[in-house]
Amino acid sequence: MNIKIHYRGQLAAHINSTTEEITIDSPITLIDLLTNLAVSNDTTVNDFIFDENNNFRKSLLIAVDNNQVVDLSTMTIDRDCEITLFPPIAGG
2 MNIKIHYRGQ LAAHINSTTE EITIDSPITL IDLLTNLAVS NDTTVNDFIF
52 DENNNFRKSL LIAVDNNQVV DLSTMTIDRD CEITLFPPIA GG
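The opening position of the sequence shown corresponds to residue 2 in the numbering used here, with each subsequent residue numbered one higher.
Derived by calculation from the structure, the hints in this document are not laboratory data.
On a predicted model such as this, the values are computed, not experimentally measured, just so you know.
From the three backbone atoms N, C-alpha and C, an ideal C-beta is built for every residue, glycine too.
Keep in mind that a hint or two might mislead.
Quick list of simulated restraints, FRET-style, between CB atoms [claimed, not checked]:
#, residue 1, residue 2, range
1, Glu22, Asn54, 27 to 33 Å
2, Ile25, Asn55, 18 to 24 Å
3, Glu83, Glu53, 26 to 32 Å
4, Glu53, Lys5, 19 to 25 Å
5, Thr19, Asp81, 14 to 20 Å
6, Ile90, Phe57, 14 to 20 Å
7, Phe57, Asp79, 18 to 24 Å
8, Pro28, Ile90, 29 to 35 Å
9, Asp26, Glu53, 15 to 21 Å
10, Asp33, Gln69, 30 to 36 Å
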């Protein structure tokens with residue numbers, strides 16, 4: 002399966018990229034996919050996704066094929082799709 006991951010905001014600025022494409026061989030839960038992404042990048046990327054107790058940051062919004070995901074543990078990626086990560090936005 003081909004997965005296109007779109008990074009937005011501070012996360013895109015940090016990794017100096019807005020899009021990444023990965024291939025997976027078998028279905029995977031979204032939380033496991035995010036864990037793999039965090040491990041394959043540096044610790045700052047991990048900090049955008051997980052807190053100091055390794056719990057998912059609820060401030061990070063995630064969409065799969067433009068639909069917001071509420072429960073990461075039950076969402077299974079089992080087909081080609083696009084995932085977008087929206088970190089919190091600050092400004093004034």
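Hint by hint, here is what the structure shows:
A beta carbon spacing of about 31 Å between Glu22 and Asn54 agrees with the range 27 to 33 Å that was offered as a hint. Checked against the hint of 18 to 24 Å, the pair Ile25 and Asn55 passes, with Cβ atoms roughly 22 Å apart. A C-beta distance of roughly 30 Å is found between Glu83 and Glu53, which places it inside the suggested range of 26 to 32 Å. Between Glu53 and Lys5, the C-beta spacing of about 30 Å breaks the proposed range 19 to 25 Å.
The beta-carbon spacing between Thr19 and Asp81, approximately 19 Å, falls within the hinted interval of 14 to 20 Å. Take Ile90 and Phe57: their Cβ atoms lie about 18 Å apart, and the range 14 to 20 Å holds. The hinted window of 18 to 24 Å between Phe57 and Asp79 holds, with their beta carbons roughly 20 Å apart. For Pro28 and Ile90, the hinted distance range of 29 to 35 Å is satisfied, since their beta carbons lie about 31 Å from each other.
Between Asp26 and Glu53 the Cβ separation comes to about 32 Å, which falls outside the hinted range of 15 to 21 Å. Taking 30 to 36 Å as the suggested C-beta distance range, the pair Asp33 and Gln69 does not conform, at roughly 19 Å.
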